[in-house]
Structures are given as structure tokens and as C-alpha cells.
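Protein chains: 2
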Amino acid sequence: MIRSRQNPKVKALARLKTKKGRKQAGAFLVEGPREIARALASPRVRPELLVVDPENVSPEEAAILAAHPELPRLEVAPPVLEKLAYREHPGGLLLVARAKALELHALPLGENPLVLVAVGLEKPGNLGAVFRSADAAGAAVVVADPRVEPFAPQTIRASTGTVFAVPFALAPGEAVRNWLKQRGLSTVATSPAAKTLYWEADLKGPAAILIGPEESGLSPEWLAAAERAVQVPMQGSADSLNASVTAALLLYEALRQRRAD
Amino acid sequence: MIRSRQNPKVKALARLKTKKGRKQAGAFLVEGPREIARALASPRVRPELLVVDPENVSPEEAAILAAHPELPRLEVAPPVLEKLAYREHPGGLLLVARAKALELHALPLGENPLVLVAVGLEKPGNLGAVFRSADAAGAAVVVADPRVEPFAPQTIRASTGTVFAVPFALAPGEAVRNWLKQRGLSTVATSPAAKTLYWEADLKGPAAILIGPEESGLSPEWLAAAERAVQVPMQGSADSLNASVTAALLLYEALRQRRAD
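These protein sequences, in sequence, are chains R and L.
Quick note on numbering: the first sequence equals residues -18 to 242 in our numbering.
Quick note on numbering: the second sequence equals residues -18 to 242 in our numbering.
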């Protein structure tokens, strides 16, 4: 058991708490039993190591350990796990894993695809919440012009681990716009200036919903590239909804129309 | 200008960072220009003091200061404002204010009311996000069985200050259930076990949407009290949406039906 926070292995793992460290190692940390379970259930995630603080293992975490005897383990004392963790009360288990976004051409699309394109989101929590909404609505995700990492701890947390379940690709804006055209996806931008309300738009066919950052919205380039623009009507004092809420409203409106069809 | 973090005035204000301190003083702190502006625009908020760090005042904050010459000010040095603030980069302005939730009987309801009842939410961030969705959809909010404060810093922040704009009442569950009956609001609970999909329910008339905590959902008592239960269909790996997303889906479905009518 490792008790020292200064142990070289611990120091190497602690580097995964920074963006730079994750980039250099090509790996990231997952915490929370729900998130770890979803990572381990994903064929796209390569688990490398379970970091265990036996003193603080919860029943849910014990079940994960029991289900994965094949994985290497590193036993550590409570202060070591706390050093590695992002949350305030991290429990007794962390996962070190590798995963990559898909290439655009490899993104699996069903017969009548519904895709959520998250454009230039600035907050990892927002990107994570968008994954959660897309997972619930059964949509694939494309992260365009990425400014935040899909496997940053805040993204994973806000996604409740669905970032490991939802098929997603990550690419620069231009490549995404070309791909959307090639794939024949009707692109629908959300904009407060649009005249059509989102429930007035026909979302029954193959569609891609574009969501921009909350403060600035979609750039003129993206708005110009979209075939249609729709508005989510705002009744109150605020002029924008959370990105994951806007995403869910449009995706579920598409589901509603498809089921009614 | 106060430069010492140990100044008695600063110490008194710092107590507002805790739940206990807010309860004792009957006041709270607001930070962020958007949130402060919404608080100052609300007839239900009583502003008491602006805490200003002149070195770090942003243009937005300067505009707020210019618009409110009537408010008392306390000038402080950067380390003092940082001590009082909740955010990592708090800017140069904090507001000390008082406000109360409305009594149920005083909640203003329109001709065809739409009310969001947030039942026993456990995270201030979730309650705040629910306020944001309700504001956008033009719904009043009732906080039933409150477990988190509406004016906690995390609630205010997640609400982007809409907690000051949306009319809301706060009351124990039984009182809320009685009020809903008296007011003739058709109560709609969200439950994964419900057979009706939410877009199949008629939400055109006076309605109250009940949202429970994400992990445990609505209690059997609340489910029994609801006239109808509806399901948000889940297509993915996760079994629940964020509370504010579920709230927005149901409120906007009600708007869609009302506009179509």
C-alpha cells in the first residue's frame, strides 16, 4: 500500500489532474462509482488501473472491484486518494483509463440519424451536461471546434459518465460542416433571432441540431452554414437557457415528431 | 477602504458565506454582474450594501455602480473581496441583500397558470438551474419540502440570477399539496414508471409540474397526490435527466400545446 503523497507513482498519476498531464499521458482519471461503471461498460474505453483506498470503498465501489478482478490495482492510503481526486468526497475508488473520440466517418448513425453538434462550448460542465441530454434522447454527439476536453473531470462528472456511452466524434468546424453536408443531415441552428419556433420546424428526417456557447451563441459562420434557424421562445428575464437544456428541448421535439409520425 | 480581512465588518459579512450565518442575519451575498443586476431589478429584493473592490471593477460592474448611487458602499482591498466571494474570480463587486420567498397564497398566477413544483431537491445547483428553466418558460415556482436554500450562492449562480425574477413560494409538502388542490391546478408527476409519455398528456389547462430529486425521484406520497404521471422516454445508458432539463421539457411541452391551441 502506498502511503506517501510524494511517491513517484502517485506524482505521475497526479499529473492526470491537469490538462497538460492528460495530453502527455493520453490517459485520464475517472471518479464516482456511476461514472467508473459506465467507463468500464464502454467498448471504447481502455481501463488501465484501479486506484483503491480500501478504508473508504463504498458498497457500489466494492461491486465494481468484484466485477473486475482482471484489472491491475494500486492500493493507497486515504490522503493519497484525496490528492488524486477532483471531488471533495471522492469515496475509495478511481479509474485510470484511455479513450478517444471517434473520427467523423466512424460515427455510427442509425437509419434516421439525430445528431447533436456542440459548437465551441466553453465550459466542461456544459459539455458534460449536453452529453447527458444526448444520451437520454438517443442522439450521437459531434464536438466541433473543441475548447474543452471531453474527458476532463468536470465533463465526465456533469455527464454522469454518459460521455463513455454516447457515440461521439470531435473535429474542427470546417470538417464538421463538410461532413454534415456529405451525410445529408439537415442542419438546424438555434438562434434568438430566428423567426421559426423550434416546434414549428420539421425534425422528422435526418437532422443535426447545432448548439453554441451560452454567452455568445453560434458564430456567423455556423449560422450561415445552417439550413434552418429556430428559436426557443424565452418568456422571462433571462435571454438564454443552459446549453444542455436547449439541446434536450430540440432533441426531444425531434423524438416527439418521429414517434407521432 | 478596508484592507484587513480581520476587520470586524468583514468578519460579519464573511458569516453570510455559511447557511447558519445567512439564517441568523436574514441576508445573503450576491456575486456576478448578471446576478447582481437581476437582484437590483427585482421588487422583491431589498439591497443593503454594495461591497466594492475598485481595483477589480469590470465595465459591467461599473455600470451597476453608476446606476445605483443611492446604495451604501463599502470599499475593500482585493484580498478582502476574495475572502467574501464564493467564485474563484469574483470581479470587483458584491451585493448584500435581503429577500424572502412568497407565501403560497401570494404567488401570482396568470389566467391559465403554469407552475413548476420542485420537490425536495438536494443540490443547490439543481434548484438554481430549475429556476432558470422556469424563468425561460414563464412558469411560477413552488419549492416544496426545501432541503436547499433558494438564496445560497450556488443556487443564485446556477439560476444566473433568475431566482430574483421568477415568482416563487416555499412551503412544506402538505401545505403545497393542499394549495394545488384549492387552486384547481392539475398536478402532473414525472416518473420513469408512468405509461403516458409527457407529450401525450394534455397540458393546455392550469397545471403544476412536479419534479423530484434526481437520484430518488418523487416520493410515494407525492406520486399518490398527483392526478397524472408522465414519463420522459430515456433512450440511453443513463436513467435520469438533470432536474432542470426534465422541468424544461415539460414546461415547454405545455407552452407548445398552449400556443397550438
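To be clear, the hints were calculated from the coordinates, so they are not data collected in a lab.
What you are looking at is a predicted structure, and each value in this text was computed from that prediction instead of being measured.
Heads up, a few of these hints could be off.
If chains are identical, the list can't say which one is meant, so a pair holds when it fits in one copy or spans any two.
Stated by the list, open to error - In the DSSO-like style, the derived pairs of lysine-lysine whose C-alpha atoms are separated by at most 27 Å in a straight line are: (1) K185 with K0; (2) K(-2) with K162; (3) K104 with K185; (4) K(-10) with K104; (5) K64 with K81; (6) K64 with K(-2); (7) K(-8) with K176; (8) K0 with K81; (9) K(-10) with K176; (10) K81 with K162; (11) K104 with K81; (12) K104 with K64; (13) K104 with K(-2).
Verification of the supplied hints:
1. Taking CA atoms no more than 27 Å apart as the test, K185 paired with K0 passes in neither setting, with 39 Å inside one copy and 48 Å between copies.
2. Taking identical chains as interchangeable, the C-alpha atoms of K(-2) and K162 are never at most 27 Å apart, the minima being 38 Å within one chain and 51 Å between chains.
3. For the identical chains of this complex, K104 and K185 are neighbours neither inside a copy (30 Å) nor across copies (36 Å), given an alpha-carbon limit of 27 Å.
4. With identical chains, the CA atoms of K(-10) and K104 are never at most 27 Å apart, being 30 Å at best within one copy and 35 Å at best between copies.
5. Within a single copy, K64 and K81 get their C-alpha atoms as close as 26 Å, which meets the 27 Å cut-off; across copies the closest is 40 Å, which misses it.
6. When the C-alpha separation of K64 and K(-2) is checked against a cutoff of 27 Å, the pair qualifies both within a copy, at 10 Å, and between copies, at 26 Å.
7. Taking the shortest Cα distances, K(-8) and K176 never come within 27 Å of each other, neither inside one copy (55 Å) nor across copies (52 Å).
8. Taking the shortest alpha-carbon separations for K0 and K81, only the intra-copy value of 15 Å comes in at or below 27 Å, while the best inter-copy value is 42 Å.
9. For the identical chains of this complex, K(-10) and K176 are neighbours neither inside a copy (57 Å) nor across copies (52 Å), given an alpha-carbon limit of 27 Å.
10. Proximity of K81 to K162 under the C-alpha cut-off of 27 Å is restricted to the intra-copy arrangement: shortest distance 24 Å within a copy versus 52 Å between copies.
11. With identical chains, the CA atoms of K104 and K81 are at most 27 Å apart within one copy only, with a shortest distance of 20 Å there and 31 Å across copies.
12. In this assembly of identical chains, K104 and K64 lie within 27 Å of each other by CA distance both inside one copy and across copies; the values are 24 Å within and 25 Å between.
13. Proximity of K104 to K(-2) under the C-alpha cut-off of 27 Å is found in both arrangements, the shortest distances being 17 Å within a copy and 25 Å between copies.
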